[in-house]
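Enquirer: Here's the letter readout for the chains.
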Amino acid sequence: MDTLLVILVDGIVYSSWLFLVAAGLTLVYGVMKILNMAHGSMYAIGAYSAASFVGWYFSADYVPWASYFFFIGCALAGGVIAGLLVERGVLRLMYGSDEVVMILVTYGVLLILEDVTKLIWGVDAYFAYQPYGLLGRTKVMGITFANYDLYLIGVSVTVGALMWYGLNRTRNGKMLRAVIHDREISMAMGINVTRTFIITFVLGSALGALAGGLTAPALSVVPGIGIEIIILAFAVVVIGGLGSVEGAAVGAILVGISRAIAVHTFPEIELFVIYGVMALVLSVRPRGLFVTATARKI
Amino acid sequence: MEYFRRTNSFFAAAFVLLLAVGLMAPNWFSYLTTISLAKALVVIGLVILLRAGLVSFGQGLYYCLGGYSVGIAGHYLQWTDGFLVLLIAMVVSGIVAAILGLLLCRYREIFFAMLTMAFSMILYGILVKSVGLGSTDGFNIHSVSFFGWEPGTDKLGLIVYFLACLAALIVAVLMHRYFHSPVGFAGEAIRENEIRVEYLGVSPNRIIFSKYILAAVLAGAGGGLTALASGHVDPEMAYWTTSGEFVFVALLSGTAHVAAVFIAAFLFEIIRTYAFDLAPYNWQMILGATLLLIIFFLPKGLWSIFTIRRAGGGVK
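These protein sequence lines map, in sequence, to chains X and Z.
Going by the working numbering, the first sequence opens with residue 1, and the numbers climb by one from there.
Going by the working numbering, the second sequence opens with residue 299, and the numbers climb by one from there.
Among the hints, erroneous ones may be present.
[Unchecked claim] Covered, in the sense of this in silico footprint (three residues per stretch, anywhere, with C-beta under 8 Å from a C-beta of chain Z), are these stretches of chain X: (1) 100 to 112; (2) 115 to 125; (3) 228 to 237; (4) 278 to 291.
[What the hints assert, rightly or not] When the alpha-carbon atoms are kept at most 20 Å apart in a straight line, the in silico SDA-like pairs for lysine to any residue are as follows: (5) X:K33 / Z:G351; (6) X:K118 / X:K33; (7) Z:K598 / X:V100; (8) Z:K598 / X:S97; (9) X:K118 / Z:R570.
Simulated from the structure, these hints should not be mistaken for lab results.
Keep in mind it's a predicted model, so treat the numbers as computed, not measured.
Virtual Cβ for every residue (Gly too), placed ideally from N, Cα, C.
With the hints as constraints, model all of the structure from the sequences given.
Expert: Structure follows, in structure tokens:
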């Protein structure tokens with residue numbers, strides 16, 4: 001019974017983290033049809049910005065509680081700047097290419113950004129454990145868990161809810177969905193598609209950086225975290241169906257819970273399970289859970 | 299036929315040249331060439347799929363399978379004949395591809411890329427956790443023999459180099475034929491318009507299935523050769539960044555000609571070695587920038603430099 005509860009809590013924490021990582025990726029794909037490999041770098045940039053800020057902030061003896069606003073802000077700022085640079089500097093030149101070519105373009109951007117982070121932050125590990133320790137731990141029904149993890153769940157749910165509300169209940173969201181549905185017609189209807197693209201990509205990058213920034217206190221920030229994360233995010237997004245926010249949420253929960261079960265019962269198959277679930281879902285529903293099949297065109 | 303004869307004599311000349319270079323060049327150079335020839339075999343498989351419009355982000359799966367087959371055959375089964383272990387590597391890859399291919403041949407575009415990537419990550423996940431196979435460190439390969447003759451460790455590098463050259467020659471000749479065969483052209487037809495191919499009475503899935511197996515067998519051979527040359531295998535061979543490298547080389551070479559793949563693979567190893575030497579923390583940036591430049595300016599790969607000149611010069 002205890003293990004079951006631990007699995008559930010662990011699974012939910014991991015799922016909410018996965019959703020944060022995948023949300024930006026699925027948004028960018030949905031609107032721009034770009035499967036953005038550089039999303040992993042945005043995650044790394046967010047993590048590094050947050051970690052270096054936390055290190056500086058806590059050594060300078062300011063009010064510790066205020067750091068929660070600032071380090072998230074720092075991560076978001078990093079993501080916005082990097083996103084703008086990538087969209088205006090590279091992707092803009094490649095719009096209209098094949099989807100697979102766009103993956104390769106973002107792969108090139110990923111390789112470049114990997115080393116840019118090394119140039120800016122060096123190759124040593126960064127630690128930003130203070131915000132994690134600050135919130136303490138709670139004991140519920142015999143299980144202790146870190147309050148920071150609860151905070152993570154809260155942020156993840158908030159982000160999901162905001163995205164749902166923004167897409168489904170606001171004017172801008174409606175325009176965005178029009179662009180998703182048919183780029184050319186919405187252009188003809190007077191929607192500024194270029195601006196929509198910029199905003200979407202920057203938003204997606206900021207979400208990736210936010211995920212990185214929020215993870216920074218829970219682990220050490222080292223080179224290569226972006227490369228690890230990006231395929232995890234791919235798995236989540238592909239399971240749910242590319243471009244679907246609800247899909248990303250369901251994919252995150254599926255992967256998160258199955259990984260938690262694996263970790264607590266057969267730790268040997270931890271990595272296997274994530275991609276196993278992905279292969280299984282894709283073999284039953286080739287386009288993911290939340291995407292309906294489209295007719296083939298001659 | 300004239301066309302094949304000319305290309306084949308070109309391949310044969312390149313083969314003789316490579317052998318001569320191998321006898322004279324320093325060890326590091328022949329090692330680098332061996333690795334690039336081995337990787338070129340993998341990339342030719344990728345090019346076969348690319349010609350049908352499919353990008354596999356998981357050729358590392360078969361590259362790794364080939365390497366581990368060679369390692370396991372020598373280490374645990376005591377089979378040490380170089381030709382035999384390479385054959386095993388190819389057969390194992392072929393069998394696994396025949397099973398996965400049944401599923402994969404129904405997928406296209408991004409979904410094909412993602413699913414192939416998932417399968418190679420599954421192998422990575424299994425290998426990382428299997429302590430008997432050395433977990434993340436991998437294990438060393440037993441020294442190999444050739445028909446009962448055991449070259450010493452000092453000669454082994456050169457022998458493997460010759461073996462790689464021979465494999466490259468065979469693959470180059472056969473694949474050049476394959477590209478110009480009806481099945482080879484069917485790939486391009488599928489890329490252009492799949493439904494029309496169906497109307498012609500040909501099953502695209504079946505053709506993709508056969509191409510996928512062929513690509514896997516080539517990748518298995520490449521992985522086996524790499525294992526023999528470096529004397530070591532580890533799970534990194536199945537990680538997605540390895541597969542990414544192969545895609546990179548395939549993009550560099552383009553799909554126009556088999557020879558372009560070998561040139562591109564060699565160039566890639568050179569760029570990587572020098573970039574890594576000159577700027578250990580920035581070599582990925584150099585690679586990434588190169589990739590973007592190729593996509594911008596040479597979207598059809600290196601070989602298009604030659605074809606553009608030919609068209610402009612009005613020779614043909």
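Enquirer: Now tell me if each hint is right for this structure.
Expert: Okay, the hints, checked on the actual structure:
no.	hint	result
1	100 to 112	holds (count 11)
2	115 to 125	holds (count 5)
3	228 to 237	holds (count 3)
4	278 to 291	holds (count 6)
5	X:K33 / Z:G351	holds, 18 Å
6	X:K118 / X:K33	violated, 29 Å
7	Z:K598 / X:V100	holds, 14 Å
8	Z:K598 / X:S97	holds, 13 Å
9	X:K118 / Z:R570	holds, 18 Å
Checked against the numbered hints listed earlier, the structure breaks hint 6 alone; every other hint is satisfied.
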